[in-house]
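Chain P: place on chain F using the hints.
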Amino acid sequence: MPISSFYGLQTSLRGLMAQQRMLDTTSHNIANASTVGYSRQEATLAASQALQVPAGSTASGSGAHLGSGVDVQSYRRVRDQFLDLQYRGQNTNLQEWTARANGLSSAELSLSEPGTNGINQQLANFWDAWSKLEQHPADGSAKQALVEQATSLGDSFAGVRAQMTAAQSAAQAEYDDITRPASGTDQGGQIAQIATQLADLNTTISHFLTAGDAPNDLMDARDQLLDKLSGYGQVSVEQLNTGSLNVSFVDKVTGTTYPIVTDMASAWGGPPAGDNWTPGGQMGGLLGVARIPGGTVDGYLNTLDTIADTIATKVNAAYGGSFFTIGTPPAGTLMVDAALTTDPTAVTAGTGAPGSNDIALKLSQMAGDPAIDGAYRAFVAQVGSNVNEAERQQSNGQVLTDSVEDRRQSVAGVSMDEEMSNLIRFQRAYQASARAMSTMDEMIDVLINRTGRVGL
Amino acid sequence: MNSRITTGMVQRSVLSDLNSISLKLARTQGKASSGKEITRPSDNPFGTAQAMGLRQAMSANDKYKSNIDDATGWMDTTESALASMSGYLDRAHTLIIQGASDTADQTSRNSIASEIDQIIQGLKDSANATYAGSYLMSGTSTGVAPYAQGADDTYKGDDAGWDPTTVGVLREIGPGVTLSINSVGRELLGDGQPPMTTSCSTCCATSPTICAPATAPGSRATSRAPTTTSTRCWRCGRAMAHGRTASKLRRIGSTRSRKRSRSSFRRPRTPTSPRP
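Protein chains in written order, with my numbering: chain F, 1 to 456; chain P, 1 to 276.
Excised from the complex, chain F in its bound form (with noise of 0.2 Å):
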């Protein structure tokens, strides 16, 4: 069978626009070189289906496949889904770290120490009041220094216990407000809103695939969407035939699933009754702060009240009648007793006349005492352990993460050496296709412009 002298320039033809697709797509690989989330493309090419030559037609007489030149096969993007899973895991981590690190930092700052104006000072200047009643016992300027100190230290505490219930508060709202599920023409938290996206994403992809296309760049959107959901709770993704996920949280110490994307429809309703759940992530580490009963802040509180009411406990043992009232809670209610505040000279300095100072004296010895001191000192270490330790933690978390990260760019991201390159690869290639067309054109010109003009 003769073959047509005009097949050459098909084949050209068919490498001309191969290469014009494969520059397109490198084209859109360096214009996304910076996007987020942006995994590289490229377009996979094959010999397109060859020219069967019957038998008879070689020298050997045997049949032959002519080859017809390339076709592209696929555009597809080039990512790793088990880099993808571990970037998820430490992701989870790291952002369960940074809550729980910027949450305790603010409940650290309340303290305000070391330094002058945190409750250890107020403490000291107590005890020197004390001090200065013992010199000077029927002094009534020494009496009413004492309760402005007493009063002074009161405030101290229900000031740093207000401003650490308020840094629980802020850590129980920001966790309301990512967690809170679409009701009505409120489209809810974080999680609701992308919930709603992967639903909407689920839908467009399974479509193209079943239709058999490869969306590249809605699945590059869609696995980003779950990075993001990864930051809040530890994640579980489920791969469905068509295309489509099923995406939930999944409690880190009961392995209880709670959905988030069912298929084609957001199923996000909310945490559990009492968010009596550990779902890892930004939402661990807020209800780890906020918690109550049993958050960190909260057992913050519980000491610091107990620091308190020792303190009422112990002035007033020593004192031997009502210095300090103390209420609920009582490191929010310290305060000098309302019969002192009205009139601070009935402050008594010692057991007999106006000039005896035992009971100041005693008071000034307990100057250090390890349940009030040393009980607040060792809170005060202890917080600074745990924002150190969160800190720590975040930094570890972060230094994971990143590197999972690196493993994942090295797949998918863009490397623009590698596309220039390719787009000199494929320019010589398009131009090569183009000069064997231009022979092809030449022959076909000699074949028909110059042959049989013998005696013309």
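Calculated directly from the structure, the hints in this document are not laboratory data. Backbone N, C-alpha and C fix where the C-beta goes; we use that ideal spot for every residue, glycine too. There may be inaccurate statements among the hints.
Unchecked claim - Label-pair restraints from in silico Cβ distances:
#, chain 1, residue 1, chain 2, residue 2, range
1, F, 309, P, 15, 45 to 53 Å
2, P, 15, F, 424, 24 to 32 Å
3, F, 375, P, 5, 53 to 61 Å
4, F, 148, P, 15, 48 to 56 Å
5, F, 345, P, 54, 30 to 38 Å
6, P, 28, F, 342, 20 to 28 Å
7, F, 370, P, 5, 53 to 61 Å
8, P, 72, F, 345, 22 to 30 Å
9, P, 5, F, 214, 21 to 29 Å
Frame of chain F; chain P shown alone:
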């Protein structure tokens, strides 16, 4: 291990390094500008607790120093009061020896008696020494002068600090170290002599002359109004709690050294020695 280095990786790792360097720089600058190694407990939790403990110790030492200064001032004032009392006593001693001599006639004895009256006022004045508005020798009743000027010689303060069952004026001068710094006027000077007009029936019976009101000019009896508080015999001292005797007066010079040792605390003693 990364076979492919992509633009994003390079950019991200440079950025992350820059961030960590900037953080270090900011921390160091913060330390330099605030002059503090620790600005938050989490910078160094253990160091924070230590720093707080040291602050407390400093404040306690300030307190001890202030207490010691105060106690030193108090003691210095007490000492100078005692020194002037000792001077008065020396003079009284000299006068008594002069008066006891046979060469002294009634006129000179009268003038000696009137000088001794002045000395008594001077002694009370010294005992009424104050430091920062507090009477030094009234026990813990620091707002009350231990002795009133004039004829009334009774001690007005309390016995706190002398009587071991009541604590005196205390100063804390070190961790767990306290010192009682006050003096009790009664221990030094007693309650004075009861008026000569008050005598017990026994004395009146044995020597009726002493029960007659003394009228000699310049004698103690004329200058003393009978007091209602004194119900005891001036002569024999029966049922008398305190009396000023020559031997008691002479002890004043050594009183402070006695006070140093608690074991030498004594209850107010009933004078048993017969009056001269």
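Index of numbered hints that the structure contradicts, given in increasing order:
6
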